[in-house]
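Hey, can you work out the whole structure from these sequences and the hints?
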Amino acid sequence: MTRRELLERCVVSGALVLTTSLSLPALAAEWNESEKKRKPTPYCELGPFYKREAPHTSTLWAPGDSGMPLALSGVVYGTRGEIVPDAKVEIWQADIDGHYDIDGYRFRALLSPGPKGAYAIESIVPGHYPSRVCQHVHFLTTAPGHKPLITQMYFATDPVFEGNPDKNYTRDPLINSRDLVRPVMIKSDAQRSVAVVTFDLVMETV
Amino acid sequence: MARLISLTFALLFALPAAAASDVANILLPCDSRYQVLSPDGVQVAVRCKDHSLHVLSVPDGKELRVIPAEPRADTVAYSPEGLSMAIGFHDGNIEVASSKGSTVVKRWHASARPIEALRFFPDAKMLVAGPADSDAQVWEFAESPKLRATLPSDFGGIMDCAVSPDGKVLVVAGGDTVLHWYDTGTWQKTLENRDFLLDTFALAFTPDGKKVLVGGADARITVLDAATAKQVRQLPREAGSSVAVLDVFGDQQIAAIYFDDAGEKPPHELIWRLSDAKVMGRSDTAPTCEGVVGGKLWSCTVEGRTVRISQSE
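Protein chains in written order, with our numbering: chain A, 16 to 221; chain B, 574 to 886.
Fair warning: there could be bad hints in the mix.
Distance condition first, Cα-Cα at most 30 angstroms in a straight line; then the derived DSS-like pairs of lysine-lysine [to be verified]: (1) B:Lys-762 x A:Lys-103; (2) A:Lys-103 x A:Lys-182; (3) B:Lys-719 x A:Lys-162; (4) B:Lys-762 x A:Lys-162; (5) B:Lys-635 x B:Lys-851; (6) A:Lys-182 x B:Lys-622.
Treat the hints as calculated values from the structure; they're not laboratory data.
Next comes the structure, spelled out in structure tokens:
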């Protein structure tokens, strides 16, 4: 890439304003920073069924649970694109019938993503909670030096969206951002099909 | 909290009315599942499905004021004597108005987040505001509105709060499931209770200020010693439900509205006697508002486009 090309790309990306006196390495660094920056994950309500002291587990389903298997994973980032290595991710959801476990900890987990910031759970696609429009999974992510992130993840395959989440995501009044509706990839083998969803979590610093 | 109550009331169906004497039957200006009664019983604020807010006089139903759907009013609170009304807006503004003349007295921008909880202090010169997912704020508004304190929680903003009858203690239920006690003279946190694993949605002091009643997703009312924040007793669980609203009235009676955790049945109300933890009455009329007026329990039920305001016998 020429200096001119780099300059043009930086200006287009908004990373560079009136900094034409920068050296090439400085511009490259600026460009790299700009490429890495991430938008904070939008807030979405905590809801009434958060429960403290969830178990440390990545397997939320139990043998005999009905429902479409779900493999949900992601990485916890800061807004500069850096990994947040010491985050805690709490996840809770309804069962296939749309019920939350209040007395126990079914479909609840506390994860420690570790130095790579990656988390992954095996669960089922939740049912529809009767007083909510869309299927959803709750997240509470905390990390030293970062604002707690409370949000919910939605499935682009939810029948409510009628195949067009871009147009129809506001049918659930609690979905305040299209970014919270994630694509679902179905992976199948001879034995079963699994809904695979990735949902990265981007935290703001305090 | 307002969102939770709104969600609860959104589930309501019109059911046969329970035994109670009518105070008023008022034609609603809109489809509404959530109202707020003034403590003096002369007004009802009607929150409409289209997000507008209509203030009506009781019992004649005369429309005193309309707050349009934009900017959206998210929460409403009356001062203890009913003379002032505060409205929290979705755009983070707070407005305090004289409820008699409906004149806006003060309006200020409190937060970038929607205001989801409001509670007046007994002197009606300060109020607690709960912006969504943010620390609680204490505002003094007798003069130019001034932020007196911010009251942090670990996360999740506030679910509800209660001020002691003498105004000296504020208890805040955070979304972090922790109950925080504050000295309103210094705004220092004096006590906390971390015994709850689930969120608290309703808090109330007993009239003598000695106990704090706590209700939430654990399906029961817990009685705490206001001086120590320690549990004194728990009333029996109402399985499969969460306590959404608590009011203390008469001779240590508690009115509690429960919503169905499964979201399938309409809310119901139980009247408890605190002294012996006995249920004194049950109502399945699905109240859309509740309040204590002149020491008596008032509640609303909606049937079609009419809100029935009644007083428990």
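Against the structure, the hints come out as follows:
Taking the CA atoms of B:Lys-762 and A:Lys-103, the gap is about 26 angstroms. The hint holds against a cut of 30 angstroms. For the suggested pair A:Lys-103 and A:Lys-182, the alpha carbons sit about 33 angstroms apart, so the restraint of at most 30 angstroms is broken. Of the supplied pair hints, the one linking B:Lys-719 and A:Lys-162 holds, its CA atoms being roughly 25 angstroms apart against a limit of 30 angstroms. With a C-alpha separation of about 21 angstroms, the suggested pair B:Lys-762 and A:Lys-162 falls inside the 30 angstroms cut-off, and the hint holds.
Between B:Lys-635 and B:Lys-851 the alpha-carbon distance is near 40 angstroms, which puts this suggested pair outside the 30 angstroms criterion. For the given pair, A:Lys-182 sits about 22 angstroms from B:Lys-622 by alpha-carbon distance, which is consistent with the 30 angstroms threshold.
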